[in-house]
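Keeping the supplied structure of chain A fixed, place chains B and C upon it in accordance with the hints.
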Amino acid sequence: MVDFFGLYNYWIVIVLAMAGMYIVIARGNLIKKLVGLNVFQASVFVLYISFGKVSGGTAPILLKGVVTYSNPLPHVLILTAIVVGVATTALGLALVVRIRREYGTIEEDDIHSQDGHT
Amino acid sequence: MLREHLPVLVIIIPLIAAPLCILFRGRDQAFGIALLATWGSFACSAVIAAKVMASGTLSYELGGWPPPIGIELRIDALNALILLIVSGIGSVVAPYARNSLLLEYVEDRSYMFYCAFLLCLCGLMGVAVTGDAFNLFVFLEISSLSSYVLIALGFDRRALTASYQYLIMGTIGATFIVISIGLLYQATGTLNMADIAQRLPEHGYDRTVIAAFAFLVIGVALKMALFPLHQWLPNAYSYAPSTVSAFLAATATKVSVYILLRFLFTVFGVQFSFDILPTAVPLTILAILAMFIPSIVACFEHNVKKVLAYSSVAQIGYMVLGIGFVTMTGLTAGILHLFNHALMKGALFLVLGAVFYRIGSCNIDRMAGLARTMPWTMAAFVGGGLSLIGIPMTAGFISKWYLIQAAIEKGWWHIAVLIVASSLIAVIYIWRVIESAYFREPPEDLQNVKEAPLSLLIPAWILVFGNVYFGIETSLPVSMAELAARSLLGAN
Amino acid sequence: MHHQIYIGLAIILPLLGTVMIWMSGSRPNQREVVTVITSGLTFLCVLQLLPEVLAGHQPELHVTELLPGLEISFKVEPLGMLFALIASFLWIITSFYAIGYMRGHHEPNQTRFYMCFAIAISSALAIAFSGNMFTLFIAYEVLTLSTYPLVTHSQTDEARRAGRVYLGILMSTSIGLLMVGIIWTWAAAGTLDFTPGGILKGKIDDGLVIVLLFLYMYGIGKAALMPIHRWLPAAMVAPTPVSALLHAVAVVKAGVFTVLKVIIYIFGADFLTETGASIWLMYVAGATVLLASLVALTKDNLKARLAYSTVSQLAYIVLAGALATSHSLVGGAMHIAMHAFGKITLFFCAGAIMVASHKTEISQMRGLGWRMPFTFAAFLIGALSVIGLPPLGGSWSKWYIALGAADADQLVFIAVLMISSLLNIAYLIPVFARGFFGPREEEEAQMAGSHEDHGDHGDHGDHAGDHDTATHDAHDASDAGKRIAEAPMLCVVPLWITALGCVALFVYSDWLYAMLSPIVK
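The listed protein sequences derive, respectively, from chains A, B and C. In the numbering used here, each residue's number is its place in the first sequence (first place is 1) plus 3. In the numbering used here, each residue's number is its place in the second sequence (first place is 1) plus 79. In the numbering used here, each residue's number is its place in the third sequence (first place is 1) plus 173.
With the rest of the complex left out, here is chain A:
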């Protein structure tokens, strides 16, 4: 039981990931899909940072007298991943703006019916 609650951050990861994917698949609004994607990516960030935590370790900033630090590498990786995520979101939003201009709507169903294919 301790393990169950002790691993709460991983449960958060799972919930976020599922929620994110659900939004991407189930929502027809293009911006909502992007939001879902972001939520999904956020879950990955939490996952990585959870890896980095070393029991009894402090934040990975050099301090006098501290021996155990948490692993800084996942933090670095996540920074990169966040950047990638931001770029993706920006690109996605730019596409949505153009789609809005071309189609007049950002609902997936309306777009599909305008294009005339299933």
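If you're looking for bench data, these hints aren't it; they were derived computationally from the structure. C-beta atoms are modelled at their ideal positions from N, C-alpha and C, and glycine is treated no differently. Do not take every clue at face value.
[What the hints assert, rightly or not] Derived pair list, reagent style DSBU-like, types lysine-lysine, alpha-carbon separation capped at 30 angstroms:
1) C:K376 to C:K248
2) C:K472 to C:K376
3) C:K374 to C:K248
4) A:K56 to A:K67
5) B:K489 to C:K374
6) B:K489 to C:K248
[What the hints assert, rightly or not] Pulled a few chain A residues facing chain B out of the computed Cβ check, cut under 8 angstroms:
7) G9
8) Y13
9) L98
10) I102
Chains B and C alone, transformed into the frame defined by chain A:
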């Protein structure tokens, strides 16, 4: 001194050239920069390939930091082949882009196109060159993001939705890959692929590793459009500008297959991937479904670009089938098909770009009688089409032959028959286009179409010639593929 | 040794000719000269190889190795020599005939026609000289593809439909069945080289030999075994020189040649008789012989009748191969030559009749013999050869096949041969006979009435250029029915040459037998 830094040069050259394109905004200047960058990359790749074939795996420490702390660039026969493919296609497509874009993109913004193109090239080359797992993810995303941009440049508004769909699916795939890398890191404590491979057996194949494996395979499957995760591909390739279709069709999915190969065989190891986990079974089944179902759909499409896009999904099936055999011959076949398909599809899409340039459409009915007015263009299509079907004396035949041999070696007769049967379907959809172009009358308004300009014809014909050349003089791709297969299988 | 050069030359020359024909496209006379010279030179090259083969040598030419063990190589042995001789010689004759026919009919797209002709002959020669099954397969496919534009030449809807049947059957059988068989052979025997005695002995289970044979026999769609024979009558929509080429020289002969080559050099005649794997083939071939002849009886269109006759005659050769005895194999090989000359004569006559009188149906040909005596006489000679009566060549080949059936204790097939000869008489002789019956006056009035409808080979393209006075008269409406004269010289002379060839083959048949006997040693 430069020679030592060759592995990183192949990435740096396009990476630096990309912002240079934005600095020098003139159309010709940006074009010139792009041309130099792609040709320079190709030259570097050729030298690297020669070196690798001569002396084995190349290793380069980025910034002088030794692995596993630093990022290592590691090039063996498989990487070298991928580098050759990507940079080769890039250098053929770059001169083509100039005129093709005239119709399909805003002329005074073409520098932006070249910038995105170079970034995509840089990303793909980076994936092929790196020996670090997370670095691979970063480069993968660089190439993916720039390809979303490139696809969205198509004149048809459906290019936007296609790009958006690709963005969503591709990002999910990439996120799966990054989850997998994270899990692997947690299990082994390192990000260097060779190091992970060493440490995994010590760690043991527990649930973490299995989860990592699963996430990776699904993520890569999304990126390489393995049936049934291929939904984004037909629209993306059809509505993108022709240059982009040609470039992406010949490179992007190949690099994703490379990622699969690298992780399945080098990182996770043959024993884990195929003996402990029954990966070969679903891969083979999906591959066979991929060989048939998209091919059949292709037979009914009217947009020839869509036909070729579905055909690409089917060809990915062949590659995965080769991987699923897990034998020397099978892997060689899969890797060979990587090479050959790049040549085939590149040629076919370049031809379609030339067609589009003249008649503004790739609809099969609008292309009726085109062989009379554009004989060289359609002859190139026939050349690429024959290779796609797998006629002897073309590159496509060689990989099909190896695939069938691999099937027979394993005693899987039914698979050999299925491979032959799916080739027959390819005959049908290629024949539809040929019949329309050669044996029908052109529509009223297209009676006086001129032949495509040389700048479009020559790149297409270079690739067609490559098809025929490598169908007869097979030593280069076959030896590289065999070397690659051997190192993949013997990595353990 | 320098004889290798001739192998390569014989295959390359027609391809060079194709390029030159393309370049001379706008100057018809120059183009025809190119065709004729190329065909002549090719025949000379083939002829250079004959002394070597007669002396017992087998000149070889290795071109390239695609993959380890898979190479493109050529080897000339007697059977291939025979096929090559027929193909290249008859190309010369057909070229002259085609010139007369195409001009007489004002056919469009003549450059494309001559170009595809040349490519088809080149691939036929490549098939003849092929040293292994892989090379043969490549050349076989090229032959199919290069003859497609010839079949759909007139580009009408009917032609396109026929082309689809043609290509569909030939490509699907070759890729779906033949290629599978080739791969199987490769996997079992490790090689695809043509070797006397075959390469499969001991390499394959006895029960599976039948399956492999099935794959080959039905994979070789050009041999037109029933029920995949449909492409042959469908291809009748092509212009007659094409039908003559298809049915006498290149395509069908390539088919049965491949059948014989496979039986002799891949399976091995002895291996087949030991395992009894070809017995089913004897029956299928025998049935084809009879059924096709029966269908031929019902056809009023002359070319259709000749098409089904060809299906039947091809089945003779397949039957000979299935019997797999020395006599039958040599007889089957001889029949390749005999049937080639006989059938091409018949088709040339059909074409001549079409050019001179625009008639395609046999029922319309009453009394035509009086108008076109030379044509009809040649028709008789060709018919007698096909029927198998002395003094025409066809009699010898039938004799040897029958002998072979006796050797193999399959006496029922002697009966099949005899019945089929009777059927041949029944469907060929009436054509000749009808030409000379019926009063002339009545027939003139009939001509006047039916002369107006030109059929679908009417006046295409430009009427400029050379007309033969005879055909000009036939077209001249003001002369309606007055004089249907003999066909143009360019049509009549070739068909007499081939008719005389039938006679010559009878006289020189023992020379032919001697040349072919090494294949069964």
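- Task: Give me the numbers of the hints this structure contradicts, sorted from smallest to largest.
- Result: 2, 6, 7 and 8
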